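Chains S and Y are the protein sequences, given in the same order. Here the first sequence is numbered in this note's numbering, starting from 1 and rising by one per residue. Here the second sequence is numbered in this note's numbering, starting from 1001 and rising by one per residue.
Everything labelled a hint here was simulated from the structure, so no lab data went into it. Hints are not guaranteed to be accurate.
[Said to hold, decoys possible] Keeping only pairs whose Cα atoms sit at most 25 Å apart, straight-line, the calculated DMTMM-like set for lysine to aspartate or glutamate is:
id	chain 1	residue 1	chain 2	residue 2
1	Y	Lys1045	S	Glu41
2	S	Lys168	S	Asp183
3	S	Lys23	Y	Glu1026
4	S	Lys8	S	Glu41
5	S	Lys27	Y	Glu1086
6	S	Lys8	Y	Glu1138
7	S	Lys51	Y	Glu1086
[What the hints assert, rightly or not] Chain S regions said to be covered by chain Y (calculated; three or more residues, Cβ under 8 Å):
id	segment
8	55–67
9	75–89
10	173–183
None of the values given here were measured: they were computed from a predicted structure. Quick reminder that beta carbons are idealized off the backbone N, C-alpha and C, glycines included.
Number of protein chains: 2
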Amino acid sequence: MEYPESIKDLIKTFSKLPGIGPKSAEKLAFFILNNSSEFAETFAKQLTTVKIKIKNCKICGNYSETDVCPICSNPNRDKSKICIVETPKEVLTIERLNIYNGLYHVLFGVISPLDGIGPEKLNLKSLFNRLSESEISEIIIATNPTPEGDTTGTYISKKIKNSNSEIKITRLAYGIPVGANLDYTDIVTLTKSFLNRNPLE
Amino acid sequence: MEYPESIKDLIKTFSKLPGIGPKSAEKLAFFILNNSSEFAETFAKQLTTVKIKIKNCKICGNYSETDVCPICSNPNRDKSKICIVETPKEVLTIERLNIYNGLYHVLFGVISPLDGIGPEKLNLKSLFNRLSESEISEIIIATNPTPEGDTTGTYISKKIKNSNSEIKITRLAYGIPVGANLDYTDIVTLTKSFLNRNPLE
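Here chain S stands alone, though its shape is the one from the complex (with noise of 0.2 Å):
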């Protein structure tokens, strides 16, 4: 004896959601049968919605529901610097803090040589275009603090500075999380913190 076929259609298709195991996913189609019909429609239709209207922003690349993106299309931002960042979700985050006027670059990954993924199929050919094209003082990395996020950084970093002197280019700083323990932070983070640190005033 099995579920029926809708129902098992339905588990295995939330089986393959990120972090949604066997159980969990039986959990969700269960709630799903459970609540409304009316629910169920509009989950459904929020699915098929969000691919129809959310395209790339023309210049930056970020999901949006414009050819250009509200923060692209803003003209109270200032056009002269790009913060390249690995997915839209860390444009909302940097956006959160209120301390960045500036555009935005998304690059859809990171270069991870041991997935296979080279800087070919980073959203990169458009960030060049973007500095031919435009006036830029300043280009700041935002990608994760990971080997591959430093190497994507490094990479962008040397392009740009053969084709274009000028450009400055900053990444954010390294150093010990406000509040953390110098005992029980990394080596790694620890001795970068030591080494750039900074005058008090």
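Use these hints to put chain Y onto chain S, whose structure you have.
What follows is chain Y alone, placed relative to chain S:
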């Protein structure tokens, strides 16, 4: 700055699912965005299909694509036994043991006064109808070993005994789990296991 409307809607719906917090909901929505349109469409279709196709078996209440579920309509099953479970999941759990050939009855919940769930909210009326309409020799109560499961079992048992004292009513045995350690078994379980000790053959 926020996510576009259609992404926000999808994140909100994902976060309504059990066990999915706001961070996971975001991750799942981005998984849909990064995946093919076909995946989103299949997922959407399965969500609506399952709600259209799946109904409750007219006899036992279990989820089924047919009016009467495959178990109730199987002529080879022993129609004199009914195993009472809380949800459709447990039907499958018991079926997988390959030791029971009777029928089931799915309650879709347990009596839980704190949650405002009385016996009238469970699939009980049809159970009592089954008992009066057909020859039942044994009722196996397989609700979960929780206070609510026990209360529900006792409630059903009393109801049946009041109207028909011929039916044998049993409950799954409480005891030490196979492979467990007596030292680490809670005293309630150990007490029940001791009192229900079985003769060694």
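Hints, verified against the model:
1. Lys1045(Y) with Glu41(S): Holds. Lysine 1045(Y) to glutamate 41(S) sits at ~9 Å (cutoff 25 Å).
2. Lys168(S) with Asp183(S): Distance of about 35 Å is beyond 25 Å: violated.
3. Lys23(S) with Glu1026(Y): 21 Å, holds
4. Lys8(S) with Glu41(S): Given that 25 Å is the threshold and the Cα spacing comes to 18 Å, the pair holds.
5. Lys27(S) with Glu1086(Y): 14 Å, holds
6. Lys8(S) with Glu1138(Y): 31 Å, violated
7. Lys51(S) with Glu1086(Y): 38 Å, violated
8. 55–67: holds (count 3)
9. 75–89: Holds: 3 residues of the segment 75–89 of chain S have a Cβ under 8 Å from chain Y.
10. 173–183: violated (count 0)
Going down the numbered hints, you'll see the structure goes against 2, 6, 7, 10, while the others check out.
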